[in-house]
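K.L.:
One letter stands for each residue in the lines below.
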Amino acid sequence: MSNAVLPSRTVQGQDVRRRRRAGVGKSISVGLLVLGAIGMVAPFLWMFTTSLRDASHAYDLPPQWLPTEWDWGNYAGAVSGPVPILRNMFNSAVIAIAVSVGMIITAPMAGYAFAKLQFPGRNSIFVGLLSSLMVPAQVTIIPLFLLMRTFGLLDNPLSLILPGITGALGVFLLRQFFLGLPQEIIDAARMDGATAWQTYRLIALPLAKNAVSTLGVITFLGSWNAYFAPSIFLNSTDTATLPLALVLMLGPYGAGNVAQVMAATTIAIAPALIVFLVAQRWIIASLTQSAVKG
Amino acid sequence: MTMTAPKTAVPPAPASGRGGRPGPQSTARRREALTGYLFTAPTVIGFLVFVLGPLIAALYLSLTKYNILTAPKFIGLDNYIRMFRDERLATTYGNTLVYVTAAVVLINGFALLFAVLINQRLPRALTYVFRSAYFFPYLVALVYVSIIWQALFQKDTGILNYYLTAMGGERIDWLNSSEFSKVSVIIVDTWRNVGFAMLIFVAALQEVPKDMMEAARMDGASEWQVFHRIILPMISQATFFNITITIIGAFQIYESIIVLTRGGPGDASRSVVMYIAEVAFNKFDMGYASAIAVTLFLIIMLVTMVQFRLRKSWVNNE
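Which chain is which? The protein sequence lines are A and W, in order.
Going left to right, the first sequence walks through residues 557 to 850 as this note's numbering numbers them.
Going left to right, the second sequence walks through residues -2 to 315 as this note's numbering numbers them.
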């Protein structure tokens, strides 16, 4: 009996000590997390506050973290400045929308075929496609540049749209989804006399709504945020996308009007913020799932 | 066996279908195959025209001298031999390796730290706010966050130096000194990517069985032992994924440097991708630029394949 009681007491003692230590540990860790979170948000806060200040006060120190004035003049100035950023934003939007629409048409079809249809060469084609994930954009950019030049597509949004409407990553994501779809659903539809297209369009695709939306949003943001390929294919202010325009506005060595640049950057970040507010939960879920389970 | 076969045998139709003899089954099969090809056609065409074709073209161009104006001239491995004597290439690859090392250590280190902290029992709203704050920069274009940071980094007007001098430190020339220009690039890179890696770690940590950790603690294991012996092995798959992603990403680092330091001073912060772009599109030395790009491709392919192998063998995936 005494043998049994003794250890249980020490376990209890340990437990209390552990819990007290856990309490201290928890406040330290929450403190660290708060510190990190401030570091993450502060640059954006500074951007927004600066965008609302008169240009002559843009660099006032000590820095003001909350807007002291609500002067929207910098936004008007940014929009009417020498760089036509409304035009550039329109260019970015056209390309990003075209690319995401193309992607959400082509990738689910291919993903479905690789998951649910039988055809000779299916697996080797899929592996070949997947291997393109190993090919960095920097390797193909020179031949692509020459290709676009040959077809007269330089300085044309098509040079970014055409390579963007298909892609292995989307096919991979959608194939993963369709693999999880019970075969009975497909078989039942086929049994009822639906054609392969009808089965896909009316049964499988609607079930993939979430995966397709995620793909659409990821593709849109990827295109909206892209810099490398646009900086090489586009070379006039009228065709430039928004990231190119903002670098232009910033000028060499950050010599541009900072308050206006921050106003333009605030506008440029808006789509990411909207996506983030509306959809971050399922974007996070699908991104992490494909990484951890894939 | 042969005696019972006829009783339980299925109708011979599938067999004939498989044999390729005309019949309703084989027509269906052929039609399904056709559908498969049609469904994959856009993606396959896109792959051939915009990935595989250009890749082969890049391999070919890397063996030529080509300045766009005159036809490519085959020069064998000269471009590859030339790389060994190119000091700027050595500098830019050296810088890139610094970025890669820093990314692997800092991004994954901070991500794991924050992931472990966030994975504790915290109020749900708090967890949500933290996750959102850390993840948001990842959604914003690298160009945009770099534009913000270059203002913060300014030597005389930037708020980083303001707080630094307020605490009694010296002003740092973040963007234009050869010691600190790389540091600035690394800070922005880490700051932007830590959130994504953290989410991957959090997802993996949530799969670690709680009672296993409890049992180990009951048996007197210290927190460090629990972390080292139980948690780390169980999240190894996520760790490998994150390390691979950060290596591949850092080898391609480009636009943050364009905005922050323009590669300078001199080549002090220039990455190999910036050098490729310069050789190709300012000097129009397409053959040599292709050769450098091919080395980058080989490195990234190697990293990906190593990850793939390790994932299959070493990694503990239950």
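Some clues are possibly wrong.
Dumping the calculated SDA-like pairs for lysine to any residue here, alpha-carbon to alpha-carbon at most 20 angstroms [said to hold, decoys possible]: (1) K152/W / A614/A; (2) K582/A / V223/W; (3) K70/W / T706/A.
If the Cβ cut is set under 8 angstroms, some of the chain A residues that face chain W in the computed set are [as the list claims (entries may be wrong)]: (4) V597; (5) M665; (6) P676; (7) T696; (8) P699; (9) L804; (10) L806; (11) A824.
A few chain W residues that don't get close to chain A, going by computed Cβ distances all over 10 angstroms [what the hints assert, rightly or not]: (12) P39; (13) A55; (14) K70; (15) M80; (16) R82; (17) Y90; (18) A122; (19) R128; (20) S129; (21) A163; (22) G192; (23) F224; (24) R226; (25) R259.
Don't read these hints as lab results, they were simulated from the structure.
Just so it is clear, the structure is predicted and the values come from calculations on it, not from any experiment.
The beta-carbon is built from N, C-alpha and C at its ideal position, and this holds for glycine as well.
K.L.:
Would you mind marking each hint as holding or not holding in the structure?
P.N.:
Evaluation of the provided hints:
1. Of the supplied pair hints, the one linking K152/W and A614/A holds, its CA atoms being roughly 15 angstroms apart against a limit of 20 angstroms.
2. Taken as a hint, the K582/A and V223/W pair is honoured in the structure, with Cα atoms around 17 angstroms apart against an allowance of 20 angstroms.
3. At most 20 angstroms may separate the alpha-carbon atoms for a hinted pair to count; K70/W and T706/A meet this at roughly 19 angstroms.
4. The restraint placing V597/A at the interface with chain W holds, with a minimum CB-CB distance near 6 angstroms, inside the 8 angstroms limit.
5. For M665/A, the interface hint holds, since its Cβ comes within 8 angstroms of a Cβ in chain W; the closest pair sits about 4 angstroms apart.
6. A least Cβ separation of about 6 angstroms between P676/A and chain W falls short of the 8 angstroms threshold, and the interface hint therefore holds.
7. Here the hint on T696/A is kept, as its CB sits about 4 angstroms from the closest CB of chain W, short of 8 angstroms.
8. With its C-beta approaching chain W no nearer than about 4 angstroms, P699/A sits inside the 8 angstroms limit, and its interface hint holds.
9. For the restraint placing L804/A at the interface with chain W, the shortest Cβ-Cβ distance is roughly 11 angstroms, beyond the 8 angstroms limit, so the hint is violated.
10. For L806/A, the suggested interface contact is upheld, since its CB lies about 6 angstroms from the closest CB of chain W, less than 8 angstroms.
11. With 8 angstroms as the threshold, the beta carbon of A824/A comes within range of chain W, its nearest partner Cβ sitting at about 6 angstroms, so the hint holds.
12. With a cut of 10 angstroms on Cβ distances, P39/W falls inside the contact zone with chain A, its closest approach being about 4 angstroms.
13. A beta-carbon of chain A comes within 10 angstroms of the beta-carbon of A55/W; the shortest separation is about 5 angstroms.
14. Against chain A, the non-interface label of K70/W holds: every CB pair exceeds 10 angstroms, the least being about 15 angstroms.
15. Under the 10 angstroms C-beta cut-off, the non-interface status given to M80/W relative to chain A holds; the minimum distance is some 15 angstroms.
16. Every C-beta of chain A lies more than 10 angstroms from that of R82/W, the closest at about 22 angstroms, which supports listing it as non-interface.
17. Distance check on Y90/W: its Cβ is at least 13 angstroms (rounded) from any Cβ of chain A, clearing the 10 angstroms threshold; non-interface status holds.
18. No Cβ of chain A comes within 10 angstroms of the Cβ of A122/W; the nearest lies about 13 angstroms off, and the non-interface call holds.
19. Consistency note on R128/W: stated as away from chain A, yet its beta-carbon is not over 10 angstroms from all of that chain's, at 7 angstroms minimum.
20. For S129/W, the shortest C-beta to C-beta distance to chain A comes to about 6 angstroms, within the 10 angstroms cut-off, and the non-interface label is violated.
21. Against chain A, the non-interface label of A163/W is violated: not every CB pair exceeds 10 angstroms, the least being about 8 angstroms.
22. Consistency note on G192/W: stated as away from chain A, yet its beta-carbon is not over 10 angstroms from all of that chain's, at 7 angstroms minimum.
23. The Cβ of F224/W sits about 13 angstroms from the closest Cβ of chain A, beyond the 10 angstroms cut-off, so the non-interface label holds.
24. Annotated as non-interface, R226/W keeps its C-beta farther than 10 angstroms from every C-beta of chain A; the closest such distance is 18 angstroms.
25. Distance to chain A contradicts R259/W as a non-interface residue, since its nearest Cβ pair spans about 7 angstroms, not more than 10 angstroms.
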